[in-house]
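Q: For reference, the chains in residue letters:
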Amino acid sequence: MDKKLKETILNPILKGNPITVLILGICSSLAVTVQLKGALVMAISVILVTGLSSLVCSLLRNTIPMRVRIIVQLVVVAMMVILVDQILKAGEGTYAIDKQLSVYIGLIITNCIVMGRIEAFALGNKPIPSLLDGLANGVGYGLILIIVAFFRELLGSGTLFGLQVLPAGYIPNNLVILPPFALILLGCIIWAHRAYDKDLQEK
Amino acid sequence: MNTNSNAYTVIYTTLVVVVVAAILAFTAMKLKPSQSANAKAETLRQMMSAAQIKPTDELYATKNAGILQLYADNIDEAYTIGLDGKKSGELSVSKDRIELVDNLKPQNKAIKDGGEARLPVYIFKNGVIVIPIYGAGLWGPVWGYVAFQPDCHTIAGAYFDHESETPGLGAKIKDEAWFREKFVGKTVEFGSEPLFNLSKNAEATGATNAVDAITGATMTSKGLDEALNVWFKAYEKHLGFGAFLNTLTETTNAEEE
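In order, the protein sequence lines correspond to chains A and B. In this note's numbering, each number is its position in the first sequence, counted from 1, plus 1. In this note's numbering, each number is its position in the second sequence, counted from 1, plus 867.
Read the hints as simulated data drawn from the structure, not as lab findings. Heads up, none of these hints are tricks.
Subject to a maximum C-alpha distance of 27 Å in a straight line, what follows is the list of computed DSS-like cross-link-like pairs (lysine-lysine):
#1 LYS100(A) with LYS930(B)
#2 LYS1100(B) with LYS1089(B)
#3 LYS907(B) with LYS38(A)
#4 LYS1041(B) with LYS38(A)
#5 LYS90(A) with LYS930(B)
#6 LYS16(A) with LYS204(A)
Note that this is a predicted model, so its numbers are computed, not measured.
Could you build the full structure based on these sequences and the hints that come with them?
A: Spelled out as structure tokens, the structure:
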């Protein structure tokens, strides 16, 4: 694999992580991380939406009129999100999760990562790198989502993927369930990430 | 080609929107049957959870076909009543053609403003009578199913659901098992006011038709309280004053004749 492609894939997951470095997509990472199952479905949905939207916009990049490009991108992203939502509603196993995620699937449309990657990358690059960039950004987002959800479900409900892991005597911490704790946890993850990667620290 | 001319922009955006609309319409059409099947199974799950047919967790682990089977095995009779409390139609309960009144919004409107209402009554083989409730929560509708013992008086179970109540606060009406379990054993005196009381410190009054509201979810609790009272009232003529028992004897008599 050539170096540039590798960079495209790895950068969004580590050095340019959309949540911990670019601080994008914070709202949904607070809202859907109470349980791992929901976070996982959300992560997969976002990966699909960012990947496919970037691919489509990259294919259209030479034909899109510059004056209305944001609107065209929005239409493409909205279509992908509605498709994902409809498919989740149609699956026998995913119906309940879709109900639980409720509005947040629809709100992927407003997730800054999706539009941000199309504007910054897909409009200036070929389809395949754009697809990879979109997918990788989704993975970077999903990774943080799952880390946050892991701690919140473990401490907030004593379970992981709905299975009891902490002893029955454990009293669930209600603060962990509430969104403010996700923000605190996110702060800690950003702290750890910056402590690990010195390049991210401001001089 | 000049991609910045007005004509190009207009034609391009129109084309994009038409194509996207076509794709979405096609998928919606293709997926509609499985989506409705899921929604129907979910309604049946909620009803059977209220009727205490099986532990709720087990119900939610069962596939759609299993749910339909379980319902068909356990249901005795289902019918609709009008606002006058009289039976207005039958609902099929055979496994291949289960009929439900799952669109509660127009019924709720009819109860409030008058008009043609189809209020469903589901009677299970264990004698439990399940009726729906529907009302407005904080962000969207709240609804649920309440199961009565054969005496039409004691609540056997309940299940509540909502569209978009606040997670961790109003959403507790659905998420927390202890909340719905509180309703078990409560009684509803048809003919008295209020029929049910879901409010702050309600349990402290010692009334048998009272359940404490959820802290931090005042509006959701209020909405649910109203939904319970409005719908219980609508069923009062049918379930209250021994009217229901009379209809049962009438039908038995008719069958004997």
